[in-house]
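Engineer: So the chains spell out like this:
Number of protein chains: 2
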Amino acid sequence: MIKVVIIGSGSVAQHLIVAFRNAQKQENTVDLIQVFSRKKEKLWHLIDSTKVINEYDELLDADLYIIAVSDNSILEVTENLTFKNRLVVHTSGSFPIDELNDSNRRGVFYPLQTFSKNRGVDFRLVPICLESENATDYQILNRVAKSISNSVFAINSNQRKALHVAAVFVNNFTNYLYQIGNEICEQHQVPFEILKPLITETAQKIMVLSPLEAQTGPAKRCDSVTIESHEAFLKDENHLEIYKILTQAIQDNGKKL
Amino acid sequence: MIKVVIIGSGSVAQHLIVAFRNAQKQENTVDLIQVFSRKKEKLWHLIDSTKVINEYDELLDADLYIIAVSDNSILEVTENLTFKNRLVVHTSGSFPIDELNDSNRRGVFYPLQTFSKNRGVDFRLVPICLESENATDYQILNRVAKSISNSVFAINSNQRKALHVAAVFVNNFTNYLYQIGNEICEQHQVPFEILKPLITETAQKIMVLSPLEAQTGPAKRCDSVTIESHEAFLKDENHLEIYKILTQAIQDNGKKL
Chain C
1 MIKVVIIGSG
11 SVAQHLIVAF
21 RNAQKQENTV
31 DLIQVFSRKK
41 EKLWHLIDST
51 KVINEYDELL
61 DADLYIIAVS
71 DNSILEVTEN
81 LTFKNRLVVH
91 TSGSFPIDEL
101 NDSNRRGVFY
111 PLQTFSKNRG
121 VDFRLVPICL
131 ESENATDYQI
141 LNRVAKSISN
151 SVFAINSNQR
161 KALHVAAVFV
171 NNFTNYLYQI
181 GNEICEQHQV
191 PFEILKPLIT
201 ETAQKIMVLS
211 PLEAQTGPAK
221 RCDSVTIESH
231 EAFLKDENHL
241 EIYKILTQAI
251 QDNGKKL
Chain F
1 MIKVVIIGSG
11 SVAQHLIVAF
21 RNAQKQENTV
31 DLIQVFSRKK
41 EKLWHLIDST
51 KVINEYDELL
61 DADLYIIAVS
71 DNSILEVTEN
81 LTFKNRLVVH
91 TSGSFPIDEL
101 NDSNRRGVFY
111 PLQTFSKNRG
121 VDFRLVPICL
131 ESENATDYQI
141 LNRVAKSISN
151 SVFAINSNQR
161 KALHVAAVFV
171 NNFTNYLYQI
181 GNEICEQHQV
191 PFEILKPLIT
201 ETAQKIMVLS
211 PLEAQTGPAK
221 RCDSVTIESH
231 EAFLKDENHL
241 EIYKILTQAI
251 QDNGKKL
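Protein chains in written order, with full-length UniProt numbering: chain C, 1 to 257; chain F, 1 to 257.
Simulated from the structure, these hints should not be mistaken for lab results.
Mixed in with the good hints, there may be bad ones.
Copies of the same chain look alike in the list, so a pair counts if it works inside one copy or between any two.
Said to hold, decoys possible - With a Cα cut of at most 25 Å, we get these calculated DSS-like pairs of lysine-lysine:
1) LYS205 / LYS42
2) LYS42 / LYS196
3) LYS220 / LYS196
4) LYS146 / LYS40
5) LYS3 / LYS244
6) LYS220 / LYS205
7) LYS40 / LYS25
8) LYS235 / LYS117
9) LYS235 / LYS255
10) LYS25 / LYS42
11) LYS146 / LYS196
12) LYS205 / LYS117
13) LYS51 / LYS146
14) LYS146 / LYS39
15) LYS25 / LYS146
16) LYS25 / LYS51
17) LYS117 / LYS220
A quick note: this is a predicted structure, and the numbers were derived from the prediction, not measured.
Please put together the full structure from these sequences, using the hints given.
Structural biologist: Structure below.
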């Protein structure tokens, strides 16, 4: 059994706790022996309260420490670790491996998904991106990751940064386009509900077609009559600017083919 | 039985043919008596070939004619109709009802979904937006629409235009953000597959949370360290411009709250 400690109590930490708990019901690869949380009671609904600690000197000896805290707090956590030469990883998409404190063996355990506290996630479908400084540590990370997910990848820090930036486009920015769609509906007293099946199908299409193949719409068709009529319709300056820039980008992209 | 004729042979026409065929197996509301297609053989895999015509003077007497052709061709089709005072509707998101030829009773039958030719759609989930000039015609459209979809709405031309513009944001522009994500992955030799569960979850979240509640990411958090590092990372001018504009828009939006 690989003994694992999680440090942190936010969304990622909580989803990891649930994922390890579910995995332990199926197989005996990983034993989640402890979780560090400044506010211990925050995790009592998820794990046996005797396993939750809030003092660094209570940390037990483990094979793997997973730091699941915000990027700003990662260094602070590593500086509080009093032991040496153990395997310590973080869960961040953008924090480079070589900026971790080097008194321990360093690595990355990055689950690429958007986690909301009150929303369950099937962790077996969440891609986990792993990085380590040596092959032995990679084997440990790989076994732990595979105990909770079917989708495990070796990804170096530069690739991970690319993924993190790409994730901002397909997740945060996409959600903001949903927000604009919602605002346009509200301005014209149309229920946003009507757009939801289209949102679902747009995402599902991409599972079988490349985004280039899936691209449709007035910009792709260079349908200047519709584009001009949409631009005249948009009264919100911010919506109009984004409409123009993305329309132009899709048209330029079409010309590259 | 309401006798329906479809004019057109593209994606929307083909999906409507399949939807009516499936509906006819369940109930006897609608009888699809004819389809007009310039190339008759294009539809033989979908419908009894004797029902496919390619001459306007072969059009039978029907209760409803659905023109499912590109916006540019709608007027040309209506000018070729030799009968008068029958119910004639189009399926376009942006064509105003009062620009249709007024020798027939006018209406709109707009299914709001992205249709690809080789991809099945569960039409019962597709919202259909209806508009007519009088209540009697609306009842006909409503019965026909409800025979194929669970999701039917009365939407006037101005609201329909708002939906069409909003659909460009949540469908065409969102797909283009997927395309940028794909390009970033390719530039850094990372499989785009890794992002697919995130794309799915981003769309699914919006079914239960408003886009405002679902917004996450460095722009929402005003995390300037991450934003600057992403901007430095993006070498493609086009990607960088879109990153900056959407980041700024999300930050401005946050301030409005």
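Engineer: How would you label the pair LYS25, LYS146 (within, between, both, or neither) given a Cα cut-off of 25 Å?
Structural biologist: within (14 Å within a copy, 47 Å between copies)
Engineer: With identical chains, the pair LYS146 and LYS196 could be close in the same copy or across copies; at 25 Å between alpha carbons, which is it: within, between, both, or neither?
Structural biologist: Between copies, since 18 Å is at most 25 Å while 34 Å is not.
Engineer: At most 25 Å between CA atoms: does that hold for LYS235 and LYS117 within a copy, between copies, both, or neither?
Structural biologist: Close neither inside one copy (36 Å) nor across copies (34 Å); limit 25 Å.
Engineer: Within a copy, between copies, both or neither: where do LYS205 and LYS42 come within 25 Å Cα-Cα?
Structural biologist: Answer is between; shortest inter-copy Cα gap is 24 Å, intra-copy 39 Å.
Engineer: Go through the copies and call it for LYS220 and LYS196: within, between, both or neither, with a Cα cutoff of 25 Å.
Structural biologist: both (22 Å within a copy, 23 Å between copies)
Engineer: Checking LYS51 and LYS146: alpha-carbon separation at most 25 Å within a copy, between copies, both or neither?
Structural biologist: Within. Shortest intra-copy distance 23 Å satisfies the 25 Å Cα cut-off; inter-copy 56 Å does not.
Engineer: State whether the alpha carbon distance between LYS25 and LYS42 is at most 25 Å within one copy, between copies, both, or neither.
Structural biologist: The answer is within: 23 Å in one copy meets 25 Å, while 55 Å across copies does not.
Engineer: Up to 25 Å between alpha-carbons, please classify LYS146 paired with LYS40: within, between, both or neither.
Structural biologist: Result: close neither inside a copy nor across copies, 28 Å intra and 54 Å inter.
Engineer: Tell me, please, which holds for LYS3 and LYS244 at an alpha-carbon limit of 25 Å: within, between, both or neither?
Structural biologist: Neither, since 54 Å and 43 Å both go past 25 Å.
Engineer: Up to 25 Å between alpha-carbons, please classify LYS40 paired with LYS25: within, between, both or neither.
Structural biologist: Cα proximity of LYS40 and LYS25: one copy only (24 Å, versus 60 Å across).
Engineer: Within, between, both or neither: how does the pair LYS117, LYS220 come out at a Cα-Cα threshold of 25 Å?
Structural biologist: between (38 Å within a copy, 17 Å between copies)
Engineer: Is it within, between, both, or neither for LYS235 and LYS255, if the alpha carbons may be no more than 25 Å apart?
Structural biologist: Cα proximity of LYS235 and LYS255: across copies only (20 Å, versus 29 Å in one copy).
Consistency note: the structure conflicts with the earlier hints numbered 2, 4, 5, 8, 14.
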